[in-house]
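Number of protein chains: 4
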Amino acid sequence: MICKSIVKFPVRYYECDQMGIVHHSNYVRYCEVGRCDMMTKGGLPIGEFEKKLHVMMPVVSVELHYKHVAKVDDVLTVVSMIEKDPMAKVEVLNEIYNQDEVLLCTAKIVLGFIKSDTRRPTRCPEAFHEAIRKVGLGV
Amino acid sequence: MICKSIVKFPVRYYECDQMGIVHHSNYVRYCEVGRCDMMTKGGLPIGEFEKKLHVMMPVVSVELHYKHVAKVDDVLTVVSMIEKDPMAKVEVLNEIYNQDEVLLCTAKIVLGFIKSDTRRPTRCPEAFHEAIRKVGLGV
Amino acid sequence: MICKSIVKFPVRYYECDQMGIVHHSNYVRYCEVGRCDMMTKGGLPIGEFEKKLHVMMPVVSVELHYKHVAKVDDVLTVVSMIEKDPMAKVEVLNEIYNQDEVLLCTAKIVLGFIKSDTRRPTRCPEAFHEAIRKVGLGV
Amino acid sequence: MICKSIVKFPVRYYECDQMGIVHHSNYVRYCEVGRCDMMTKGGLPIGEFEKKLHVMMPVVSVELHYKHVAKVDDVLTVVSMIEKDPMAKVEVLNEIYNQDEVLLCTAKIVLGFIKSDTRRPTRCPEAFHEAIRKVGLGV
Numbered sequence: 662m663i664c665k666s667i668v669k670f671p672v673r674y675y676e677c678d679q680m681g682i683v684h685h686s687n688y689v690r691y692c693e694v695g696r697c698d699m700m701t702k703g704g705l706p707i708g709e710f711e712k713k714l715h716v717m718m719p720v721v722s723v724e725l726h727y728k729h730v731a732k733v734d735d736v737l738t739v740v741s742m743i744e745k746d747p748m749a750k751v752e753v754l755n756e757i758y759n760q761d762e763v764l765l766c767t768a769k770i771v772l773g774f775i776k777s778d779t780r781r782p783t784r785c786p787e788a789f790h791e792a793i794r795k796v797g798l799g800v
Numbered sequence: 662m663i664c665k666s667i668v669k670f671p672v673r674y675y676e677c678d679q680m681g682i683v684h685h686s687n688y689v690r691y692c693e694v695g696r697c698d699m700m701t702k703g704g705l706p707i708g709e710f711e712k713k714l715h716v717m718m719p720v721v722s723v724e725l726h727y728k729h730v731a732k733v734d735d736v737l738t739v740v741s742m743i744e745k746d747p748m749a750k751v752e753v754l755n756e757i758y759n760q761d762e763v764l765l766c767t768a769k770i771v772l773g774f775i776k777s778d779t780r781r782p783t784r785c786p787e788a789f790h791e792a793i794r795k796v797g798l799g800v
Numbered sequence: 662m663i664c665k666s667i668v669k670f671p672v673r674y675y676e677c678d679q680m681g682i683v684h685h686s687n688y689v690r691y692c693e694v695g696r697c698d699m700m701t702k703g704g705l706p707i708g709e710f711e712k713k714l715h716v717m718m719p720v721v722s723v724e725l726h727y728k729h730v731a732k733v734d735d736v737l738t739v740v741s742m743i744e745k746d747p748m749a750k751v752e753v754l755n756e757i758y759n760q761d762e763v764l765l766c767t768a769k770i771v772l773g774f775i776k777s778d779t780r781r782p783t784r785c786p787e788a789f790h791e792a793i794r795k796v797g798l799g800v
Numbered sequence: 662m663i664c665k666s667i668v669k670f671p672v673r674y675y676e677c678d679q680m681g682i683v684h685h686s687n688y689v690r691y692c693e694v695g696r697c698d699m700m701t702k703g704g705l706p707i708g709e710f711e712k713k714l715h716v717m718m719p720v721v722s723v724e725l726h727y728k729h730v731a732k733v734d735d736v737l738t739v740v741s742m743i744e745k746d747p748m749a750k751v752e753v754l755n756e757i758y759n760q761d762e763v764l765l766c767t768a769k770i771v772l773g774f775i776k777s778d779t780r781r782p783t784r785c786p787e788a789f790h791e792a793i794r795k796v797g798l799g800v
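Listed in order, the protein sequences are those of chains A, B, C and D.
Numbering-wise, our numbering puts 728 at position 67 of the first sequence, and it's gapless, one number per residue.
Numbering-wise, our numbering puts 675 at position 14 of the second sequence, and it's gapless, one number per residue.
Numbering-wise, our numbering puts 683 at position 22 of the third sequence, and it's gapless, one number per residue.
Numbering-wise, our numbering puts 711 at position 50 of the fourth sequence, and it's gapless, one number per residue.
You may find that some hints are simply not true.
Cut-off 16 Å, straight-line C-alpha distance, at most; resulting in silico cross-link-like pairs (EDC-like, lysine to aspartate or glutamate) [as the list claims (entries may be wrong)]: (1) A:Lys712 <-> C:Asp734; (2) A:Lys713 <-> C:Asp734; (3) A:Lys732 <-> C:Asp734; (4) A:Lys745 <-> A:Glu791; (5) C:Lys728 <-> B:Asp778; (6) B:Lys712 <-> D:Asp746; (7) D:Lys769 <-> D:Asp734; (8) C:Lys728 <-> C:Glu762; (9) B:Lys713 <-> D:Asp746; (10) A:Lys712 <-> C:Asp735.
Facing chain C, a subset of chain A residues (Cβ under 10 Å, in silico) [as the list claims (entries may be wrong)]: (11) Glu724; (12) Lys728; (13) Lys732.
Which chain C residues stay away from chain A? Per the calculated CB distances, all over 10 Å, these [as the list claims (entries may be wrong)]: (14) Met680; (15) Arg690; (16) Glu693; (17) Asp698; (18) Pro706; (19) Ile707; (20) Leu714; (21) Val730; (22) Asp746; (23) Glu756; (24) Lys769; (25) Arg794; (26) Gly799.
None of these hints come from the bench; they were simulated from the model.
Just so you know, even glycine gets a beta-carbon here, dropped at the ideal spot from N, CA and C.
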């Protein structure tokens, strides 16, 4: 494990669908909230990352498994983990829990790195490596 | 009335909230769908507008009145109208109906024009005037 | 002023559009986040409100004025205020600021009260009055 | 292949992020638009399905692979396919193309069936089998 980071926030009303549960598409977004919070904790917020390094991180694949539902007013904990050293791509694992520590969802998100101007693939920037090492297991 | 344009599309499941109705925030987005469709009909799709004219159209204000609810599987009709010649700003009026011609929502959206590089206000580009005249009352 | 409540959270990446700013539709959602947080602080979370009182709060109208833009990594402060005693409807005023205390947006959201089963209008429940009095000006 | 269904619609401006591309989370929603359109074509719109059969279809897992980006004004084609006879679960495969027939994304979405009242799993309703057989390969 290279780094592990945790962020908590309540479910928002508009995220709940007519089954009375958080719509499944929002978990993809929660994973992004987790990743961005991790980068901020590493001293490299995503906005700064894009602006200073001229690199962007498009998502290559997502895989999510839904185990239990979340409801309005639930407070979610999103755990973001990087286990493998990023090369051309970075793999972020997520676990999302509710306030009762029930595991709601697991996810694996793979992202690439591209140069903003050419939109061509590039290797993981050194600054990103530093950021995730800085996060470490501080959680 | 300078121009009037109509577009139809079904409500999407994820747009419905736990009251079993379209969440109110989506109507703001439906108005945008209507505006963009109008620009496309005028031969000036928003993507091209931004790229070729180096101008962007940020929203200055929105005002929406909700009269009846929409539900999943409803097919909506979004009417977009421009009544006043755009100057520094453009005012778009919207009416949103369901398949039974029930008026669900009225809206007034005001947008500005800014230069993409400086982000400073600019006047309504001539190409936009031409586009909405081209749309006319063709609906 | 009957009550005033404040909540802070960072802009999410997916909320930013291709102008590089928070899409205007999200402010409507931020106002909801503010309202729900206020109700939670008053001891009446929206989920409990709906379930126990069998009442729902559909939005009747929204009016938002956008003054400055928000960007990714900005931390927003949403202020929610109720000035007039709710009767058939409740009017919630919002002000949204960034981390530099720049006022980004003002909003007025009007909501009604309906019975969940009949979907007919009902008066503001006593529990809602109590909740907002409990919030008071605690902020 | 039991059924295959196609629906087309333009990218919406608000779906594009600050990389200038459709945010990856929206493809999860596009798959849902494809599924719901397929059910409507089979004579069993999702709203009716929920209301008449008292069954809901929560998503169990999603897996998406992103191959090329979509941009504003692109017109997308969402292909939805069911290859295996649904039992306790149904697996829907999606392919999403742009107007130039470039494959942007492939997806596999697995959904379960639960009774609305008890929220307990149930088998795929006969009406769902009929609906997808009715769709067939009509596309």
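Structure-based check of each hint:
no.: 1; hint: A:Lys712 <-> C:Asp734; verdict: holds, 12 Å
no.: 2; hint: A:Lys713 <-> C:Asp734; verdict: holds, 14 Å
no.: 3; hint: A:Lys732 <-> C:Asp734; verdict: violated, 26 Å
no.: 4; hint: A:Lys745 <-> A:Glu791; verdict: holds, 14 Å
no.: 5; hint: C:Lys728 <-> B:Asp778; verdict: violated, 19 Å
no.: 6; hint: B:Lys712 <-> D:Asp746; verdict: violated, 47 Å
no.: 7; hint: D:Lys769 <-> D:Asp734; verdict: violated, 25 Å
no.: 8; hint: C:Lys728 <-> C:Glu762; verdict: holds, 13 Å
no.: 9; hint: B:Lys713 <-> D:Asp746; verdict: violated, 50 Å
no.: 10; hint: A:Lys712 <-> C:Asp735; verdict: holds, 14 Å
no.: 11; hint: Glu724; verdict: violated, 18 Å
no.: 12; hint: Lys728; verdict: violated, 21 Å
no.: 13; hint: Lys732; verdict: holds, 6 Å
no.: 14; hint: Met680; verdict: holds, 14 Å
no.: 15; hint: Arg690; verdict: violated, 5 Å
no.: 16; hint: Glu693; verdict: violated, 6 Å
no.: 17; hint: Asp698; verdict: violated, 8 Å
no.: 18; hint: Pro706; verdict: violated, 4 Å
no.: 19; hint: Ile707; verdict: violated, 6 Å
no.: 20; hint: Leu714; verdict: holds, 15 Å
no.: 21; hint: Val730; verdict: holds, 13 Å
no.: 22; hint: Asp746; verdict: holds, 24 Å
no.: 23; hint: Glu756; verdict: holds, 19 Å
no.: 24; hint: Lys769; verdict: holds, 18 Å
no.: 25; hint: Arg794; verdict: holds, 21 Å
no.: 26; hint: Gly799; verdict: holds, 18 Å
Violated hints for the displayed structure, listed by number in ascending order: 3, 5, 6, 7, 9, 11, 12, 15, 16, 17, 18, 19.
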